[in-house]
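Protein chains: 2
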Amino acid sequence: MNESIFILKGNLIYSKSAKELEVCENSYLVCEDGVVRGIYKTLPFEYGGYPVEDYGDRLIIPGLVDLHVHAPQYSFRGLGMDMELLEWLETNTFPEESKFCDMEYARKAYGIFVENLKKSATTRACIFATIHRQATLLLMDMLEEAGLDTMVGKVNMDRNSPDYLREASAEESAAETVEWIKDVLHKKYKHTKPILTPRFTPSCTDELMEKLKMIQMRYSLPLQSHLSENPGEISWVKELCPWSEFYGDAYDKFGLFGADCPTVMAHCVYSDDREIARMKENGVFVAHCPESNMNIASGVAPVRKFLDEGVHVGMGSDVAGGSTESIFTAMAHAIQASKLRWRLQDESLKPLTVEEAFFMATKGGGEFFGKVGSFEPGYELDAVVLDDTRLKHPQDLDVKKRLERMIYFSDDREICAKYVAGVQIL
Amino acid sequence: MNESIFILKGNLIYSKSAKELEVCENSYLVCEDGVVRGIYKTLPFEYGGYPVEDYGDRLIIPGLVDLHVHAPQYSFRGLGMDMELLEWLETNTFPEESKFCDMEYARKAYGIFVENLKKSATTRACIFATIHRQATLLLMDMLEEAGLDTMVGKVNMDRNSPDYLREASAEESAAETVEWIKDVLHKKYKHTKPILTPRFTPSCTDELMEKLKMIQMRYSLPLQSHLSENPGEISWVKELCPWSEFYGDAYDKFGLFGADCPTVMAHCVYSDDREIARMKENGVFVAHCPESNMNIASGVAPVRKFLDEGVHVGMGSDVAGGSTESIFTAMAHAIQASKLRWRLQDESLKPLTVEEAFFMATKGGGEFFGKVGSFEPGYELDAVVLDDTRLKHPQDLDVKKRLERMIYFSDDREICAKYVAGVQIL
Numbered sequence: 298m299n300e301s302i303f304i305l306k307g308n309l310i311y312s313k314s315a316k317e318l319e320v321c322e323n324s325y326l327v328c329e330d331g332v333v334r335g336i337y338k339t340l341p342f343e344y345g346g347y348p349v350e351d352y353g354d355r356l357i358i359p360g361l362v363d364l365h366v367h368a369p370q371y372s373f374r375g376l377g378m379d380m381e382l383l384e385w386l387e388t389n390t391f392p393e394e395s396k397f398c399d400m401e402y403a404r405k406a407y408g409i410f411v412e413n414l415k416k417s418a419t420t421r422a423c424i425f426a427t428i429h430r431q432a433t434l435l436l437m438d439m440l441e442e443a444g445l446d447t448m449v450g451k452v453n454m455d456r457n458s459p460d461y462l463r464e465a466s467a468e469e470s471a472a473e474t475v476e477w478i479k480d481v482l483h484k485k486y487k488h489t490k491p492i493l494t495p496r497f498t499p500s501c502t503d504e505l506m507e508k509l510k511m512i513q514m515r516y517s518l519p520l521q522s523h524l525s526e527n528p529g530e531i532s533w534v535k536e537l538c539p540w541s542e543f544y545g546d547a548y549d550k551f552g553l554f555g556a557d558c559p560t561v562m563a564h565c566v567y568s569d570d571r572e573i574a575r576m577k578e579n580g581v582f583v584a585h586c587p588e589s590n591m592n593i594a595s596g597v598a599p600v601r602k603f604l605d606e607g608v609h610v611g612m613g614s615d616v617a618g619g620s621t622e623s624i625f626t627a628m629a630h631a632i633q634a635s636k637l638r639w640r641l642q643d644e645s646l647k648p649l650t651v652e653e654a655f656f657m658a659t660k661g662g663g664e665f666f667g668k669v670g671s672f673e674p675g676y677e678l679d680a681v682v683l684d685d686t687r688l689k690h691p692q693d694l695d696v697k698k699r700l701e702r703m704i705y706f707s708d709d710r711e712i713c714a715k716y717v718a719g720v721q722i723l
Numbered sequence: 298m299n300e301s302i303f304i305l306k307g308n309l310i311y312s313k314s315a316k317e318l319e320v321c322e323n324s325y326l327v328c329e330d331g332v333v334r335g336i337y338k339t340l341p342f343e344y345g346g347y348p349v350e351d352y353g354d355r356l357i358i359p360g361l362v363d364l365h366v367h368a369p370q371y372s373f374r375g376l377g378m379d380m381e382l383l384e385w386l387e388t389n390t391f392p393e394e395s396k397f398c399d400m401e402y403a404r405k406a407y408g409i410f411v412e413n414l415k416k417s418a419t420t421r422a423c424i425f426a427t428i429h430r431q432a433t434l435l436l437m438d439m440l441e442e443a444g445l446d447t448m449v450g451k452v453n454m455d456r457n458s459p460d461y462l463r464e465a466s467a468e469e470s471a472a473e474t475v476e477w478i479k480d481v482l483h484k485k486y487k488h489t490k491p492i493l494t495p496r497f498t499p500s501c502t503d504e505l506m507e508k509l510k511m512i513q514m515r516y517s518l519p520l521q522s523h524l525s526e527n528p529g530e531i532s533w534v535k536e537l538c539p540w541s542e543f544y545g546d547a548y549d550k551f552g553l554f555g556a557d558c559p560t561v562m563a564h565c566v567y568s569d570d571r572e573i574a575r576m577k578e579n580g581v582f583v584a585h586c587p588e589s590n591m592n593i594a595s596g597v598a599p600v601r602k603f604l605d606e607g608v609h610v611g612m613g614s615d616v617a618g619g620s621t622e623s624i625f626t627a628m629a630h631a632i633q634a635s636k637l638r639w640r641l642q643d644e645s646l647k648p649l650t651v652e653e654a655f656f657m658a659t660k661g662g663g664e665f666f667g668k669v670g671s672f673e674p675g676y677e678l679d680a681v682v683l684d685d686t687r688l689k690h691p692q693d694l695d696v697k698k699r700l701e702r703m704i705y706f707s708d709d710r711e712i713c714a715k716y717v718a719g720v721q722i723l
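Those protein sequences? They're chains L and X, same order as listed.
Using the working numbering, the first residue of the first sequence is number 298, and each one after it goes up by one.
Using the working numbering, the first residue of the second sequence is number 298, and each one after it goes up by one.
Hints were generated in silico from the structure; no laboratory data involved.
The structure presented is a predicted model; accordingly, all values stated were derived computationally and were not measured.
No incorrect hints appear here.
In this list, chains with the same sequence are indistinguishable; a pair is considered to hold if it fits within one copy or across any two.
Think about it this way: if two alpha-carbon atoms lie no more than 20 Å apart in a straight line, the pair counts; the simulated SDA-like pairs of lysine to any residue are:
1. 698 / 381
2. 316 / 377
3. 535 / 504
4. 697 / 388
5. 416 / 706
6. 416 / 686
7. 689 / 709
8. 647 / 528
9. 689 / 353
10. 647 / 381
11. 697 / 380
12. 689 / 409
13. 647 / 377
14. 647 / 383
15. 338 / 323
16. 668 / 332
17. 697 / 377
18. 689 / 389
19. 698 / 391
20. 405 / 686
21. 647 / 385
22. 487 / 438
23. 697 / 389
24. 668 / 336
25. 416 / 710
26. 416 / 688
27. 535 / 502
28. 698 / 377
Based on the provided sequences and hints, a complete structural model is requested.
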């Protein structure tokens, strides 16, 4: 008997591609060493003696992936949504993030965030912390303890923010980052990784960007940041980096745009053809954050174009631009926003389908973490078990339709079990 | 002692106007004969002996008003959202509505709808049933029993729908409507009223419209229908009624556009200045249904213009164009959609504020029911008590901010008590 083998049974749903949703009703999923071995309608004889967790008529889907979320902003989600990006940062975001120099406050605030993320359908996330090294480590301790698989970044900011939330110099910011990375390596986390996190070009001097590149090469770290979210921001970047061809190029000139290490950029609402071509060339991932893009009136990203061009794209909650950590809700918003974009802005880009939204939320974003986000053989087993009996209906519904309902109106009450890389955490 | 007097205590919030949100922390609301008598920071001596329901630090708001919801569509909310209006009606809506000739199915389906509506923050609603007289009466029985205050319509349809969901003639449709009204009057409901419900112009012949006008005059009934939702629908109406000046005029020519009786029209996404002027002149209410308008890719109604012009406007869930009965969610969608409209379509119409969305969901829509939707003296006491302790936060939040969070991410777990016209139903 191989002790690392176990079997899940239920209605399995996963994406093979953005167009192909695979539904395996009442089937067996065999997991070995945390990895999917295969899905079977009838359990093969060789697996006869292994433990089967029978989830009956429930739905089993890959864990959802949140490619962009700000942990310290969770406290003010749903608040102050009457501003655009730059004013919103000054008024809501920076004052709240500055509180995370206080470890007691950080413990309380991050505790709430991690507790709710654990209860959600999210298994993987790329997370912004703040500039504070100690509080970032605390957040990582909590995420590790919760069993989630995440990449977390201490944020870098050495210009254009108030004194109370700005690192004194590029040197200090880089030094703090190295200290933080060393601390992280010392912790020997199993499923919590550091990710370089320059907040966005307006927050980081050229000197800091150069230093971050050196740090990246030394430690082989992935990177996350923001890109082309808002017209005011984009003009500002053009002023700050007059030598850049386009916003993304302002990262690329420092080698911080996916050429060497995995990179995820949030938003890309206004990415033009040149920027899209560069993202494709460099393998940059887009974190599509539709609710945030609505709430702070940024616009709607051309996701159809990203998909057609073969640019990697996943979903982001972008709390607290977004009001919820639910990636199901993010999927609904992605579809809704794409319809308004089609109607109001550009009828050449067709609205997103349920299949495409589900793909982005699972396999599309999951690829940033490796073989994650699908139930195909060889993928790490992230799985969420959904019990939809609370949401009554008078008619028969097939499994695909039951999944659609989850996207539009499920909440954490529907989540009855959750596995991350083969380990049950809920 | 006046037996009809009782007192609620808590953090009271209500709209005085679209711009003015009134917050009375830790205050007393005195209700007499189901009507608000006044709000007091200190309870006046004369009310000393009356029962006080002390809700502590909870929020107490006026019950929410849903000006547009299709009860028979509740079963397929969140499903098949990949079509525009006319195709969506043929494919999803008409087949499901046809099932309501079967009373057993109707009992099951309407039971789920009424149960969930009762658990929601909605106290008043304008509801479409189907063409089926008996099932409509059953729905009204259930709503009456639940204690909600509603207007419910047997739908009229005598053209342009499949045989299985079309009344044989204008005569038959009118005769069934009169039978239904007589049955309703016989029932002597206390808080469930009939409302005339021609589905929309494409579904009703001119002859039927004339007959409905006669029925309206005979029984003094309000009316609900659909208006200017989708470009394809609007062109169709122009073909069907070449004599109409604009879509709303196709109702007005029959006297069915608010001139004599209260009238609510759902959507008004494409209402032009002439239509808006006529709505204002006739006192027509707009049911703004932002989620539906996103889901079936209709567009975004110019709500800012309605408010500025002084047209009555309230919120509608429009299930199953909308996926949820939650009017809190509808408020969030209204704000979000208005931001995309501002960004993508027309920067001259500023996005909606929280105050405006809350006004529309309470006093704005409530006015269709009389003095409803506010806690000002003389208003019927519809109230919802919200316990937000589940939604933890590390920082202090004032009452206004706690209300904003309810709009963006509360669900039925936050609703801990509900009163309709002074009667506690939850």
